[in-house]
Structures are given as structure tokens and as C-alpha cells.
Amino acid sequence: MENISKIKSLLSNNWVQGAIPTGLLILLIIIVELASPGFLTGETLALLLSNTAVLFILATGVTFVILIGGIDLSIQAVASLASVILAQLLPSMGFAAFPVAILSGLGFGLLSGIVHVRLRVPSFVATLATGGVVAGIALWIANGRAITIEQAGRVNTMWVNESIAGIPVVVLLAIAVGMVSFLILRYTRFGRYSLAVGAGESAAYAAGINVDRTKVIAFAISGTLAAIAGVILAARLSSGSPSLANQLLLPAIAAVIVGGTAITGGLGGVGRTAVGALIISIVRIGMTFVGVNIFAENVIFGAVLIAAVAITIDRSKIAIIK
Amino acid sequence: MLAAKGISKSFVAGTYALNNVDIEIRPNEVVGLIGENGAGKSTLMRVLSGTHRPDTGTLTLDGKPLRLRNSSDAAAHGIGMVFQEQSLLLNLSVAENIYLGQEQQFSRLGIVNWRSMHEASRRQLAKIGVDIDVTARTSELSFAARQMVELAKALTLEESVDRPLVILLDEPTSVLSASDIDVLFARVRSLKSRASFVFVSHRLDEVLRISDRVYTMKDGKVVAEHEASNVTGPELHEIMVGRGLHTEYYKEAQQTEPKPEVMVEARDLGIAGFFHGVDFNIRAGEVVGIAGVVGSGREELTRAVGGFLPHTQGTLKIAGEAVRLTSPGQAVRKSIGYIPRERRVEGLVMFLSIAENITLADLSHVMRNGAIDYGKERRLATDWIKRLRIKAPGPDVACRKLSGGNQQKVVLARWMTAGSRILILDHPTRGLDVGAKEEVYELIRQLSAQGIAILLLSDTLEETIGLSHTVLVMRDGEITARFDASAGRKPDQVELVAAMV
Numbered sequence: 398m399e400n401i402s403k404i405k406s407l408l409s410n411n412w413v414q415g416a417i418p419t420g421l422l423i424l425l426i427i428i429v430e431l432a433s434p435g436f437l438t439g440e441t442l443a444l445l446l447s448n449t450a451v452l453f454i455l456a457t458g459v460t461f462v463i464l465i466g467g468i469d470l471s472i473q474a475v476a477s478l479a480s481v482i483l484a485q486l487l488p489s490m491g492f493a494a495f496p497v498a499i500l501s502g503l504g505f506g507l508l509s510g511i512v513h514v515r516l517r518v519p520s521f522v523a524t525l526a527t528g529g530v531v532a533g534i535a536l537w538i539a540n541g542r543a544i545t546i547e548q549a550g551r552v553n554t555m556w557v558n559e560s561i562a563g564i565p566v567v568v569l570l571a572i573a574v575g576m577v578s579f580l581i582l583r584y585t586r587f588g589r590y591s592l593a594v595g596a597g598e599s600a601a602y603a604a605g606i607n608v609d610r611t612k613v614i615a616f617a618i619s620g621t622l623a624a625i626a627g628v629i630l631a632a633r634l635s636s637g638s639p640s641l642a643n644q645l646l647l648p649a650i651a652a653v654i655v656g657g658t659a660i661t662g663g664l665g666g667v668g669r670t671a672v673g674a675l676i677i678s679i680v681r682i683g684m685t686f687v688g689v690n691i692f693a694e695n696v697i698f699g700a701v702l703i704a705a706v707a708i709t710i711d712r713s714k715i716a717i718i719k
Numbered sequence: 007m008l009a010a011k012g013i014s015k016s017f018v019a020g021t022y023a024l025n026n027v028d029i030e031i032r033p034n035e036v037v038g039l040i041g042e043n044g045a046g047k048s049t050l051m052r053v054l055s056g057t058h059r060p061d062t063g064t065l066t067l068d069g070k071p072l073r074l075r076n077s078s079d080a081a082a083h084g085i086g087m088v089f090q091e092q093s094l095l096l097n098l099s100v101a102e103n104i105y106l107g108q109e110q111q112f113s114r115l116g117i118v119n120w121r122s123m124h125e126a127s128r129r130q131l132a133k134i135g136v137d138i139d140v141t142a143r144t145s146e147l148s149f150a151a152r153q154m155v156e157l158a159k160a161l162t163l164e165e166s167v168d169r170p171l172v173i174l175l176d177e178p179t180s181v182l183s184a185s186d187i188d189v190l191f192a193r194v195r196s197l198k199s200r201a202s203f204v205f206v207s208h209r210l211d212e213v214l215r216i217s218d219r220v221y222t223m224k225d226g227k228v229v230a231e232h233e234a235s236n237v238t239g240p241e242l243h244e245i246m247v248g249r250g251l252h253t254e255y256y257k258e259a260q261q262t263e264p265k266p267e268v269m270v271e272a273r274d275l276g277i278a279g280f281f282h283g284v285d286f287n288i289r290a291g292e293v294v295g296i297a298g299v300v301g302s303g304r305e306e307l308t309r310a311v312g313g314f315l316p317h318t319q320g321t322l323k324i325a326g327e328a329v330r331l332t333s334p335g336q337a338v339r340k341s342i343g344y345i346p347r348e349r350r351v352e353g354l355v356m357f358l359s360i361a362e363n364i365t366l367a368d369l370s371h372v373m374r375n376g377a378i379d380y381g382k383e384r385r386l387a388t389d390w391i392k393r394l395r396i397k398a399p400g401p402d403v404a405c406r407k408l409s410g411g412n413q414q415k416v417v418l419a420r421w422m423t424a425g426s427r428i429l430i431l432d433h434p435t436r437g438l439d440v441g442a443k444e445e446v447y448e449l450i451r452q453l454s455a456q457g458i459a460i461l462l463l464s465d466t467l468e469e470t471i472g473l474s475h476t477v478l479v480m481r482d483g484e485i486t487a488r489f490d491a492s493a494g495r496k497p498d499q500v501e502l503v504a505a506m507v
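From first to last, the protein sequence lines are chains A and B. To convert a position in the first sequence, counted from 1, into this note's numbering, add 397. To convert a position in the second sequence, counted from 1, into this note's numbering, add 6.
Misleading hints may appear alongside valid ones.
[Said to hold, decoys possible] Chain B stretches covered by chain A per the calculated footprint, using a threshold of three residues with CB under 8 angstroms from any CB of chain A: (1) 338-347; (2) 354-364.
[Unchecked claim] Label-pair restraints from in silico Cβ distances: (3) A/Leu507 - B/Ala192: 58 to 68 angstroms; (4) B/Arg385 - A/Ser489: 49 to 59 angstroms; (5) B/Leu106 - A/Val518: 52 to 62 angstroms; (6) B/Arg385 - A/Ile572: 30 to 40 angstroms.
I should point out that these hints are in silico values taken from the structure, not numbers from a laboratory. Keep in mind the model is a prediction, meaning the values are calculated, not measured. Cβ coordinates follow ideal geometry from the N, Cα and C atoms, glycine included.
Pulled out of the complex, with its shape left as it was, chain B reads as follows (with noise of 0.2 angstroms):
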């Protein structure tokens, strides 16, 4: 139906984001599309979608030339984009949101039919069956709810469009939880008879079990073409990162046992609202993974450890001395880093150089007499990318030209410049590829090993599991279970699911 042939798109003179790249979307069928971060997967996306023209190679549609000048163009053939980064304006009501640069259909002289336009939008949510009220404002749903709603907006193009759509889901899946996963892929099923998919994510499970033919990408290239009954994760995983997945992925031989001292006591701590009556304990070198659904408390628990949300009720001991934290700046001084999951806005001031950034939270290493010593700052920054391992061109490098598993090496070093002995790491994997997470476990293990103590919430159980020492389940404000993950005695995903639902 929709083919690509000879695609190849340049954004740097010499390198290619894509090169050569020949992919095929048939009639009903849902394609996987995956690879590693810079890989070319979202560069092919926008290519098809219209939002960048290729620099070579044509894009066909049912067999004839198509020439996309830009995504509105893309959409009146019927081809439709779900962005990772939701496209929705949360000030505006479902409805508006779904006709959005539609409404003249609704509209005369002027002056828009609210009604049918509020009509026209519960048909749209119908079709994936989803009841979600069409007045409301955008910003009052759930992420999940929003992303169905980002795909009824794609499903307008039906009425408009005489002809199956080929809609792009890239990363739906990536913010969602696992049984909103299960919600969206039965709605990507049951529209299959009319449309076809691309479906691009990180997580090959999820790709194999929603997709009936994976293509793999590398370095803007397709390697791999499979169909997805005749391939296993493993198998895909070491054509995309070009070595195995063994099991030895969460590093769990490097797991050391704690030291006895108690960095971090929490007893009856609550913040009205959101979490009460939480106890635990993080030891100097332990690894406390919190698991729990979206509205558990647990964001909030670690904001509040983080000092962005001072807790209300119960005591916070800090190396032993009760502390209640009202700012970052406070709980910085108490030598706690935080390791935010919004790495562009909260982890890195992007405009600002590597060596900037480290120092930020502690400048005193680099100051002589009062003055920033810009010589000692470089030195400084220039020994953390060679023991990080940071891919960079040199210290002065702005921020925001590095690699998402660069960033968060770089954040990783402000705080070990900062001396801080206790991490919170917010989701500190999210958004980076297979092999960057590798060398971030690596870099927890290491952490772990020097006596930090580390408050860990991910994004997978399986990773939660596989790097901490003691998991705690979270469920509505509470910790409903405690689960002992000592190397070797790891529990299964099972058990703290049970507790988690």
C-alpha cells in the first residue's frame, strides 16, 4: 500500500540519518518498527508523515509517486501521525482537540456548531470504543485517556480520506502502564480490518506482540526485515545493539551487599492527599526499588525525599538527623541528588556547557579566591568524560547536543562533583536505548558498590527488580509490600503485581 524506496535523508553533511532505506506497509497489518536511539526510527517516521522531505528516494501509495510536502498533505492521503510527544493543547476541550484545524466542516460563516462538532467527536471515541466526555478540558485527563484521544484524531481522517489509513503510532507505549498498554493494543486490533500500522517503540516485547512484521533499524539503516511470529526478542535484540541479551543485563553479579548505615529513614512520613504511614529504610549502598501504578504515592514519596514536595505528616531522617525539606537547594545540602525523569527541563540546563553543568550544584571545587577558576572547571569536567565514558567533543559542549544517555551521565557526574550520598533516580533509564541502559546499570551498580544509597523508580518491574536490593510496592498512598531482592533471590514480577493492583 505505502512503500519508501531508496530513502535517505542528511541533516549533517557526511553522516546520513537515513540511508537507503526501502520499507513496505501492506493492506491491515500492523508493522514494527525498531532500533536504538539515533537509530533513524523517528527521521523514517517524519519522512512518511510529510514533516521532512527526503533527500533522495520516492515514497509510493498504492503503486503511485507521492510527493508529501507536509503533514497536512500526508493527512489528505490518509496518512496519520500519534506523536510520542503528545500533540494535544491541554487548555482546549476533547472535542476541539480532535477537530483541531477541522472545524470548517462544523462551521458557517464563521461561527462553529458546537454541537455537532461535540457529536462528531463521540462517534470518533466510539470507534475505539473508549467513553471519555468530549467537553472536557484536555489537561483534566489521564495520559493514557490522551493518547486514545490522540488516536480518535488520527481516526477523523477516515471521513475525509476514501481510502484505509495508514496510521504512525511512534512510542505510544513508552509513558503508559501496562494494562493501558493492553487497552491500546486491543484498539490497534480491532481497527487492523480498516487501517493499517506503524508501530515504533524501545520495548521489543511489545513490538512482537502487537506487530505482524518487524523491521529492524541501525545507524539509518534497515538491517532486518522478520515476520514476527519467526523471531524472538533476544534474536531482534542482537541485530539492533549488535550483541546478545544475555542475562547478566542488569549486572545482578556486581549486586553488593549494603553497609549497615542508614542514610535514609522515613517512619509514619505522609503528604495529605497523596502517600501516609510510610516506613522504610535505605542503607548506605542499597538500592530501594518503589513499584506502584501511576497515583500510588510513589512520585510523590520521592519528590518529597527530593525536597520539591515538603512532606506533611511523620518524620525524614537524613544520616540520622530529622529534616524537613522545603526546597531542592535544601535537600542538595543534605547531600541528596535527584535524578529527575524530565532530563531536558529538570536534569540539564540544555543551553549550558558539560562542565557548567557538573559544577552547578557545587561550585566550590572550582572556585579560587572567590573567583570561578575556568581552567580547574575544564580539568574537572574533561576527568568525568574520560571515567563516564561521555561521548562528547569536549567540555564546552552545550548540553543539548548530547545523547539522552550521555545527558544523564552527565547529571550523574554534577552529583558525584556535589559529593551527594544518596541518589534519587527518577526513571533514569527512560527514553535512552538498550545499550545506554546497559551503561547506566553498570554506573548504578558502581554507585552502589561506593556506599550510595539510591532510591529507584523505573519504568519496568523487570528492571526495578533486577537492580534493587529490597522493592517496595506502592498502592494507593500506601506500601502494600516489601519484597527482599538480594542477588540470587530476586522475586518474580507476579508477586508484586498481586500487590500492586
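Only chain A is shown next, with the shape it has when bound in the complex (with noise of 0.2 angstroms):
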């Protein structure tokens, strides 16, 4: 009994909490390494920080949300209608085709939002509606069918899957798309709203923050950068489709929640949706060696975020779990 208090104690102290992600991380590369030495180098190292990159961009969308204290269920439809209109419009358009599907993202995201702020719905639940809204707007446009980028339009989607110097395009993007969300929640007022938002929205809001405003912006990039991992799918596989990032929503949700983000808000970041996005990558590459049925994933990610939730979430804010 003792020993389970002590433990309980050690893990609610603030820099172990903070520190448990990362030390997962290194502990899940040594484990690769040493049952496969040299996994984590050139190809294969390329190979799994690529498909880290779409998983960690939408995960950073949400954790704008999260940390807000909402949730957004919407983003893996925001995503596949992304691919969808880049794939429709890719033979008419050319590269335009690609603002026009990354808006299409903002606009859902503002939707989301002002739906949440305006109607005063819940935004789990106004996220799973325009999740549904979403979802079938993307299997009207494509006729419920996957559409292939033809040859005349992947000329303006090669350049997603080139190297520049080694690194992956789409690793570049990642780490522009982690850059840019680190600096906009660190240095601007949006930022720290966000933050006040999230921990105790009633003292933001007597504190003069417009609150409402603040939520819709992190709504907005949440859509937007859904949307940007949408395109960056569908231009890696050639193809747009109502369901393709169908499986992406409980990883992302997970890699923000793993990365160690307070899933009651006002508590994280960006860099922590990173080490989260990479453990749910070595941990899906690791089944994939191990032989789990890939059917059985989403199984394991549901016990990982259990499991996440458990430990990291802090007690002492919330005296009743609901």
C-alpha cells in the first residue's frame, strides 16, 4: 500500500510528469535498436519519421484545441475531405488545388468553433457533427469512391515526396508546421489566451480575455492543419478518399494525450505532441515487428491512451473524474 502511494506521489510531481514522455521515448528507441540494431538509421529512419510527420501535424491541430480545454473529433474528416478536393481539382487547377483544400480546413475549423461559441455546444459535441457534416460533404464530392491522382496531376504533387539534403520533404513540413505552432503558443497573446482559457476560463473572461475569440482561432488552426495533413496524405499516396485518414483520429488524440498535454487543458505543447507522435509511431512500427494483426492496432492505441490518461492526468485539478 505504501509503495503504491509513494508512486502515486513521485508521478504527481510536476517535472516526473513532464519528464515520463520522453523517457518512454528513449527507453522505446533503445528496445527497436537492440532487437533490430541499425533499424533507426537512413531508409528506415526516414520511412518512420515520414509517417510520424501527417500523424503529428494533425495532432498538433488538436492540441490547440485540448489545450483550450475542448476537443475537436472532427479533424480525421477535415483530413479526408482535404485529400479529396486536392485529388478533384488537381486536373483543373494545378497547385492551386492545394490552398483550396487547406482552406476548406479553416473554414470547417471556424465552423466547429462558432458553433461551439455561439450555440454554446459542447465542443465534442459540435465537432462530432460537423465531423459528420464533413465526412459526408467529402463521400458526395468523391461519389463514396477513392479518386487516383492521375500522372497530369502528381506533377504538382512530387514534391511532396522528395528529400531535400536527406530529409523528407514531408519531415520538413512537420518540423515547419512544430515551429511555427511552438513560437504562435509560446510568444503571442493567442497563446497565453490559450493557456488562461483552458486552466480557468472564467478568471480569463473577468480578466477582459475575449474568450470566445480565442477558441475560435484554435478551432480554425485545428481544421487548417488537418486539412495540411489531408494533402500531405494524398499526395503521398496518390490518391484522395473519403475515408482516407479514417484511422488517423484516436492516434493523433492519443499522441497529444501520450506527449504528456493535460486532456483538461491549460497544460502542454507542441514539443510534448512530438514526443507523443513519435511514441505512437515506434509503438505501431514495434506491433508491425511483433506480428500484432493490424486490424488490432487501434486495440493497442486504446490501451495506450488509457493507460496515458491514467498516469499523466493531474489529480489535484479535478476532484471528479466525469
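Relying on the hints, combine the two individually framed chains into one complex.
Now the structure itself:
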């Protein structure tokens, strides 16, 4: 009994909590290195990072929303829609299809945010509903099928699959997204207000912060980044599909939480999400390695998510868990 | 009857919340327990009610050792607690609350017989002579009525425990009006023949009124024990804080003349259903206090000036400009700062640091090239920590780790940083101990001398009169009287009360 309470008090210690995800990541890297020396170098490393990039961009978007104390369940639908729009418009519009697809994400992010804020609908309901609408639109536009990006369109998507100085472009894109997001959260008014709203909405409101605007911006960023993740995915797979990103919602939220951002808001950031996304990717590779059925992956992610929340949730902050 | 001997409890290694405390509760008496915030009163109550286990020391009941594992254990021994933060569930009915956790006596095969529960609840309420509909939803009751329900709930122990009860009242009066306090005290007196009470409060006069014996705590120890009839408030105050309650408590000598400039001007101001036809001015450097009971409309009036509740009638001018404030953000831009009574909810983001809370309303002083300059922010906060004597290890400490008085100073530092010229002080000293209150009074005087216009709501009339230049009295949504409260010409409490009720 005493040991358990000791472990609990150790886990609730702030810096220990902050260090757990990084420690776990290092442990996983060591395990992979021991199981398969040289795996994390060269081509396989590049592939691992490329696979992580899309997940990370998606997770970064939802990090903004989780920090304000909300949740965005529409990201996989928004990403899929963006992939469909890109695939559909590339032949006629060329490169301009990219901004159009990304703007669709911004639009639906704003919509989620405004529904949440103006109609006072809890964010999980608001984004579940907009997610449904968006998924429907994607199916409609694509006629329910995957759209292959033909040779003519591929001219404009090739660059995504290139490498610069040995580093895949997708990885560079993810790094850019991560850096910008980090700077926004740490150095702008919006970033500070996000933390304040997530940690104590009433006090933030009373201090004169425009809480509604802060929330809408967070959802807009989430939608935009989901769409960016969607077009990158489409470019990599040379295909847009209404179900393209359907398996990514759970891993994306898991990456945020495993990284150590509090599901209750106000605590966390993009750096943690990067660590979380890498953990999720390595676990996924590990599963393939060990020979876990690919269909069983979400079972593992679900379990990992529960374990991560159970370990990292700050119970001093919330007396009762609902 | 119930006695504690040599009780010690430590939460943080090296510091004692309770240090070798001895107290005794005798049959049919009311024991007062006073002390500043952090003196250990609440911890002692929690030990007596079984929610905290002492590190050392023993409890005895009728001479026999008593081990309490939790609060239901304490209840089984006839020890009930009425909480400071009320423990009723607002979405349940009065009867459901009274018998919460004890439904089995009314249930058969898992189905509750509501009629018998309602009847039993009525009997409980009859014990204290109050008439409350037991089927009403608790959220519909006034705060004072809920307190009575809470007391009735504690009294249900009488039926299940075969001995006189010990009822612990933790700061029961802190949010009650004067007349509600009288009612509560009358009930306690009439119940004294059947139970013993422990009464915890900040307010010395109340403790002396109701108690037979008074224990004074300081720094985790019981430092004095008195028969209530043999001691006066000022004497207890001196023991409690270690200094005298001098007449200069409200710093009246520091009260300065307001400047002619009118900062807030209300004409025929109103919000349908709350208040109407309200006229007043607040000049720069003037403290205007509003007295009134709950429901007088004074709360809504301050919320209107703070931007939480836009007015629907009349005009409100801030520094000469007619405005209608629809959000606190707008009020902040008109250089209005609001110091709320709910410090932990509306005052501070408890999980952010002191520095982050100070700059929350206005980041412009710490922005450089469009980015937050963390070094500058820390220096600003460190400066405020020094100027306001905020007791904290540094500017990066989360506000939840500060005491109430220091939290209040952080809120004040925020509005000073934002350049507020009008401050709304909504019960600024609520929950603060005497020493911290004095510091807040001192700060209010300084702000007023600097020309800040202040609108004040306060817990006590004494404080309202002591701090204000002008006192307005509100009743049923109207201003019923105005008093000049210049230094040396302070009105009498009796005059105010006459206009309040």
C-alpha cells in the first residue's frame, strides 16, 4: 500500500510527469535498437519520420483545441475531405488545388468553433456533428469512391515525396508546422490566452480576455492543420478518399495525451505532442515487428491512451472525473 | 465528552499544520475556535470529523479511545460536520440531501419509499423550527436556507446514534447576512440541550456571542483557552494576531479627499428585474461603498459596471463617455478592473504563475517585437512582489500555492499593470484573516490616494463605513439613502441598517 502511494506521489510530481513521455520514448528507441540494430538509421528512419509527420501535424492541430479545454473530433473527416478536394481539383486547377483544400479545413474549423461558442454546444458534440457533415460532403464530392491522382496531377504533388539533403520534404513540413505552432503558443497573446482559458475560463473572461475568439481561433488552427495533413497524405498516396484519414483520429489524440498535454486543458504544448507522435509511431512499428494483426492496432492505441491518461492526468486539478 | 490530546499533523515535512493540540468538548456546550487563516482550525476540524488522520495524538470519546477512519466512522459516533463550502447537491431535493447516503432505511428491495423519506425530512427540519419544502430542489433555496438544511442533515445522526451529538460548524456565518446569523444562533442555542457544538469563525464578536468557551489557535497550536464571559474581542484579537486591534484598523487617518474629476457617472441606471433608477457618481480617488442585503440589487449593479451584466435602462458614463458594457473585456478597455469575491474562480487562473496572472489583462508592457518577452515579464512580476509584499518564492510560482491575501494582491497587481483607473472591489477581504485584511485596507487607501475611483461591496457594514468616502444604501433595487463618510464624520451602523431593511 505504502509503495503504491509513494509511486502515486512520485508520478504526481510536476517535473517527473513532464519527463515520463521523453523517458518512454528513449526506452522505446533503445528497445527497437536492441531488437533490430541499425533500424533507426538511413532509409527506415526516414520512412518512420515520414509516417510520423502526418500524424504529428494532425495532433498539433488538436493540441491547440485540447489546450483550451476542448476536443476536436472532426479532424479525420476534415483531413479526408481535403484529400478529396485536392485529388478532384488538381487536374483542372493545378497547384492552386492545395490552398483551396487547406482553406476548406480552415472553413470547417471556424464552423466548429463558431457552433461551439455561439450556440454553446459542448465541443465534443459540435465537432462530432461537423465531422459527420464534413465526412458526408467528402463522400458526396467523391461519389463514395477513392479518387486516384493521375499522372497529370502528380506533377504538382511530386515535390511532397522528394527529399532535401536527405531529409524527406514531409518531415521538413512537419518541422515547420511544429516550429510555427510552438512560437505561436509560447510568444503570442493568443498562445497565452489559450493556456489561461484552458486552465481557468471564468478568470480569463473576468480579466477581459475574449474567450470566444480564442476558442474559435484554436478550432480554426485545428481544422487548417487537419487539412494540411490531409493533402500531404493524398500527395504521398497519390489518392484522395473520403475515408483516407479514418484511422487517424485515435492515434492523433493519443499522441497529444501520451505526450503529456492535459486532457483537461491549460497544460502542455507542441513539444510534448512531438514526443507523443514519435511514441505512437514507434509503438505502431513495434507492433508490425512483433506481428500484431494490423486490424488490432487500434486496440493497442486505445489501451495506450487509457494508460497514458491514467498516469498523467493531474488529479489535484479536478476532484471528480467525469 | 470528545477530547483530543497531543494531536499533530504535518502535510509538508518540517512544518506542522497542527502541533501538539489539546482540546476538549464538554456536554451541552458551544466551543468557539478562532485563529487566523492557516492557524490550523480547519485541519483540526477535519481530524475531529475523521477526514484527516492525525500523525500523533489520540482522540477520546467519553474517556474511551476513538479511532476515526473516515467521516462516516465519525458519523457513527455521533460527530457531524456542517461544511464551510456547503456540501449539499444542488440538483437534488431537500429531502434527498438530508438523507443522502442513508436511503437504505427508507428502501425495500432497492426501491426508495419517498413518502416516508419526505416525512422524516420534515421531522428533521421541525427540530430546528424551519419551514422548508422538502421536495424543493436545493438550488432554489437561499444560501441561508441551505445552511439550515445542512444543519438538519447533521441532526439526522440523532436517530442512529445513541448519545448526544457533537456538531462541527466550520465558518457557518461567513456568507450569511446579520439576520440569518441571528436565526442560526437561536437554533444552535435551542439545540444545546441535546448536543455540543464546535463553532469556527473569523469573526470574533460572533464567536463570543454564541460560545461558552473559546480556544484560540495560532501557527498550529492552541495558544489560549477562555470562558467567553471573561474575555473581550480586542483581547482575543491580540492573542490571535499578536498585535492589538487599534482604532486605526481602517486607516481612517490615511483617507484622502477625492479629486473633482468624475470617473463613473450613473444616471437612472437599471437592469430589468434587478435594480432601477440608480444615480451616483464616483470621483477619482473616491471610495463609494454600497450597503444592502442579498437581493437589494447591489451585486447586479457592480456586475453591470464590471461588464458582466449589461444595463438595460439609463446611462452609464465612464470618464465622461457614455458606454454600455457587454463584456468584461470592454470594461477592461475602459480601464475598469474587477476584483471578484470568487477569487479562485474569477480572480485568478490558479494554475498559471504569478507573472502570467499579473500580465493577463494587459500583455502590452511585456511584448517586444510582437512576442512575449519572458525576462521582462518576470522582472515586472518580481517588482510587484516587492512593492505589494506578496509572500511567494518567486514570480513563477502557481497562484494556487499562495494564501488568500497574497492571491488578492496578485489580482490587484494585474489591474495596476493594466492601468485601471476604476476598481470594483467585490468583497475584497472575504476569507482573509485579520492581518491580511489590514494589508488590503492599507492598499485601498494607497490606491485611493493615487486617484483611483473605487466601488466597494463588503461583508460587513463596519468595513463599508470604515473604508468609504460615500456610502450608498440599496434596498429592493433602489438607492434608499446616501451617507457622507468623510474621515471623522463616519455615519453610524444603525442609521444604515434602518435604510437597508
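Going back to the hint list, which numbers does this structure go against?
Per hint list: single violation, 5.
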